[in-house]
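Heads up: the sequence lines are chains A and B, in that order. Heads up: the first sequence begins at 1 in our numbering, then just goes up one per residue. Heads up: the second sequence begins at 1 in our numbering, then just goes up one per residue.
Certain hints may be false.
[Stated by the list, open to error] Some, not all, of what chain A presents toward chain B, calculated at C-beta under 8 Å:
#1 Val16
#2 Leu48
#3 Leu54
#4 Arg81
#5 Leu82
#6 Phe89
#7 Gln90
#8 Val95
#9 Glu102
#10 Pro107
#11 Lys109
#12 Val110
[Unchecked claim] With a straight-line Cα cutoff of 30 Å, these simulated BS3-like cross-link-like pairs (lysine-lysine) come out:
#13 B:Lys263 to B:Lys124
#14 A:Lys116 to A:Lys186
#15 A:Lys30 to A:Lys13
#16 A:Lys13 to B:Lys263
#17 A:Lys13 to A:Lys116
#18 A:Lys132 to B:Lys263
[Unchecked claim] Covered by chain A, according to a simulated footprint, are these stretches of chain B (three or more residues, beta-carbon under 8 Å):
#19 39-53
#20 164-178
Treat the hints as calculated values from the structure; they're not laboratory data. Note that beta-carbon positions come from the ideal geometry of N, C-alpha and C, so glycine has one too.
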Amino acid sequence: MIIGSNLAKIYGKGSVEVRALDGVDISIRKGEFVGITGASGSGKSTLLHLLGLLDRPTSGSLIIDGVEVASLNERQRTLFRLNRLGYVFQDYALVPELTAEENIYLPSKVRGMTVKECTRACRDILGLVGLKDRVSFLPGEMSGGEQQRVAIARALINNPAILLADEPCANLDTRNSTVILELIRKLNKELDQTVVMVSHEEWHQKYFDRVVVMQDGKIVSGGE
Amino acid sequence: MLEEEQVAFFLASRLITRGNKGTLLLTIMIIAMVFVNLIFLPSIIAGIVVLFNQQNIDYSYGNLVIEPREDQLLITRVGELQQKINRVPGVVASTPRYSGAATIVSKGKSTTPLLIAINPDDEKQVLKIHTGIASGDYLNDGDTGQILIGTTLAGNKDQTVDRTPTLGGVDVGKTVEVTFRNGVTRQYRIKGIIASGQFSVDSSAFITRKELDSVLGTTDTANQILVRTQTTGKEEAMRITLMQYGIQEKIWTWQDKSADFLKSIVGSFDIINVISTIVSLVIAVVVIFIVIFINTVYRRKQIGILQAIGIDRSIIIKSYIFQALFIFASGTLAGCALLFVLLQYLTASPLVFPGGPVAPVLEPMLLFRAIASLFIVSLIAGFLPSWLTTREDLLSAIRG
Ligand SMILES: Nc1ncnc2c1ncn2[C@@H]1O[C@H](COP(=O)(O)OP(=O)(O)OP(=O)(O)O)[C@@H](O)[C@H]1O
Ligand SMILES: [Mg+2]
Numbered sequence: 001m002i003i004g005s006n007l008a009k010i011y012g013k014g015s016v017e018v019r020a021l022d023g024v025d026i027s028i029r030k031g032e033f034v035g036i037t038g039a040s041g042s043g044k045s046t047l048l049h050l051l052g053l054l055d056r057p058t059s060g061s062l063i064i065d066g067v068e069v070a071s072l073n074e075r076q077r078t079l080f081r082l083n084r085l086g087y088v089f090q091d092y093a094l095v096p097e098l099t100a101e102e103n104i105y106l107p108s109k110v111r112g113m114t115v116k117e118c119t120r121a122c123r124d125i126l127g128l129v130g131l132k133d134r135v136s137f138l139p140g141e142m143s144g145g146e147q148q149r150v151a152i153a154r155a156l157i158n159n160p161a162i163l164l165a166d167e168p169c170a171n172l173d174t175r176n177s178t179v180i181l182e183l184i185r186k187l188n189k190e191l192d193q194t195v196v197m198v199s200h201e202e203w204h205q206k207y208f209d210r211v212v213v214m215q216d217g218k219i220v221s222g223g224e
Numbered sequence: 001m002l003e004e005e006q007v008a009f010f011l012a013s014r015l016i017t018r019g020n021k022g023t024l025l026l027t028i029m030i031i032a033m034v035f036v037n038l039i040f041l042p043s044i045i046a047g048i049v050v051l052f053n054q055q056n057i058d059y060s061y062g063n064l065v066i067e068p069r070e071d072q073l074l075i076t077r078v079g080e081l082q083q084k085i086n087r088v089p090g091v092v093a094s095t096p097r098y099s100g101a102a103t104i105v106s107k108g109k110s111t112t113p114l115l116i117a118i119n120p121d122d123e124k125q126v127l128k129i130h131t132g133i134a135s136g137d138y139l140n141d142g143d144t145g146q147i148l149i150g151t152t153l154a155g156n157k158d159q160t161v162d163r164t165p166t167l168g169g170v171d172v173g174k175t176v177e178v179t180f181r182n183g184v185t186r187q188y189r190i191k192g193i194i195a196s197g198q199f200s201v202d203s204s205a206f207i208t209r210k211e212l213d214s215v216l217g218t219t220d221t222a223n224q225i226l227v228r229t230q231t232t233g234k235e236e237a238m239r240i241t242l243m244q245y246g247i248q249e250k251i252w253t254w255q256d257k258s259a260d261f262l263k264s265i266v267g268s269f270d271i272i273n274v275i276s277t278i279v280s281l282v283i284a285v286v287v288i289f290i291v292i293f294i295n296t297v298y299r300r301k302q303i304g305i306l307q308a309i310g311i312d313r314s315i316i317i318k319s320y321i322f323q324a325l326f327i328f329a330s331g332t333l334a335g336c337a338l339l340f341v342l343l344q345y346l347t348a349s350p351l352v353f354p355g356g357p358v359a360p361v362l363e364p365m366l367l368f369r370a371i372a373s374l375f376i377v378s379l380i381a382g383f384l385p386s387w388l389t390t391r392e393d394l395l396s397a398i399r400g
């Protein structure tokens, strides 16, 4: 359960201040697949950064799974990201020197699983995203779609409360985008995984349970 | 806590094994060179100092030098004193000398070097001058009418080559005329030419004490007794032992005798050494730093992403420290190998200084200092850039 109230993010100061987010109220229930759309510069990424604890709001409150995130210090925020959040970036952002498996292994090992448990979990999750036969491939040896699926697996390895994805299909063609969207949809349905995904593609919307529309730093519909 | 190190090590090992091999190799090579540079010159200098010291002991002073008592000009009853000295435990041998200026003339060329009267057999047990005979023979105890001439004193036929007054290229078998302080003049046949490499020896002349006694009419006198002890380096203790055995003459160690000369040389070498060490270290710092810094800056985005997915900065910093330590360890190892090859080469074809070949002296302290300083530099070079990068704003790091 995510509850953001009156969230604001203001860049700059004085006369040149930019209200990237301007009084956003949003709540997301467990198991929901929420899509965020809106024009470029409307504040979609900014909101996702706040939800992903990659950035702090200028004002407002954000409660994720009952935790007021403003109360966390830097180390606790990192831990929170590790244990409760999964983040998927537009450009996959895998470590190029690590194989598919090792990329996923990293956050699970940090969380304190034994090597055996990690390896098992990594294989399982790579199977889930359909990359059983890419286990020991380096990112440079995989297609964009495959890399993004590894990134999704990495985001999911620690069973996060929310999977956050900022335009995960932006660098992919329609066929690969469909694969990713189908995959996320499947994870959402089968694992009851809460998903918040930013997309400005009209045709993506059929996958979402709910569409949040943003404009000029405000939610104009779907915020609930 | 060990969990963190495990992950950091895992990350570091992958970044090293799958990263750019060329850069890695180059960095390791540079560290190796710096390591060699940190060790090599100081060890040569240490070798030179050891050589100088050994030369002083072997050709000029022995370990201890005994000189006349406070208010006396000569040591008298030398034979008795020598027996007393030789009985002291730790003493190998002693050799009395009577040295003074004398004028030597050969074919109209005249110069006034130090003329040293010796007991050849005693000398052989204390000094190594007898090993430096370039031509002819060394003196024997009973020799009269014979003289040894140092090669510098003997000089060259081509006078322009000589930097000090010489006899103009005299040789074995020729006769020179020596005028002593008391005005006595005698003819001597040159028995041998000495080329020891030690200037003070090679610019002197030697006759037997027996000969000098017949000239001066003295018996059993000397102005120095040189003493060879079993171990070098314990001269101060031996000096005290000799005093305890009732030697009332002045006792100097070879260090006392050669202090000024040696200190100034060692001092200059030390300055060269310090400068070279500092330069090497600065190069090491800059190189390790630049390489790791560029590496971290280049991976700024990746470091941001690792933090974004929940990898704590301490893990990231540690992984960069591990990488730096790996570079340090391989660099040092490669440096050791390089050094070994270099030392092998120098043993095969040594650097020859006046006085003999210089063997590089590898002091453990020197090795330790080089390794420790490189270690610390690597640690800082691993820590600082990653510390700075992980301190940055997460979002701007991720944006790249
Ligand atoms: N670091 C920053 N400094 C100043 N202004 C910023 C900064 N980051 C974002 N902004 C501003 O905040 C506003 C919202 O940006 P945001 O990235 O959230 O838009 P977006 O909806 O994700 O757009 P897009 O669809 O192009 O990704 C924009 O006007 C942008 O210029
Ligand atoms: Mg955006």
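Now for the hints, and whether the structure bears them out:
no., hint, result
1, Val16, "violated (18 Å)"
2, Leu48, "violated (11 Å)"
3, Leu54, "holds (5 Å)"
4, Arg81, "holds (4 Å)"
5, Leu82, "holds (3 Å)"
6, Phe89, "holds (7 Å)"
7, Gln90, "violated (10 Å)"
8, Val95, "holds (6 Å)"
9, Glu102, "holds (7 Å)"
10, Pro107, "holds (5 Å)"
11, Lys109, "holds (5 Å)"
12, Val110, "holds (5 Å)"
13, B:Lys263 to B:Lys124, "holds (28 Å)"
14, A:Lys116 to A:Lys186, "holds (27 Å)"
15, A:Lys30 to A:Lys13, "violated (37 Å)"
16, A:Lys13 to B:Lys263, "violated (68 Å)"
17, A:Lys13 to A:Lys116, "violated (51 Å)"
18, A:Lys132 to B:Lys263, "violated (74 Å)"
19, 39-53, "violated (count 0)"
20, 164-178, "violated (count 0)"
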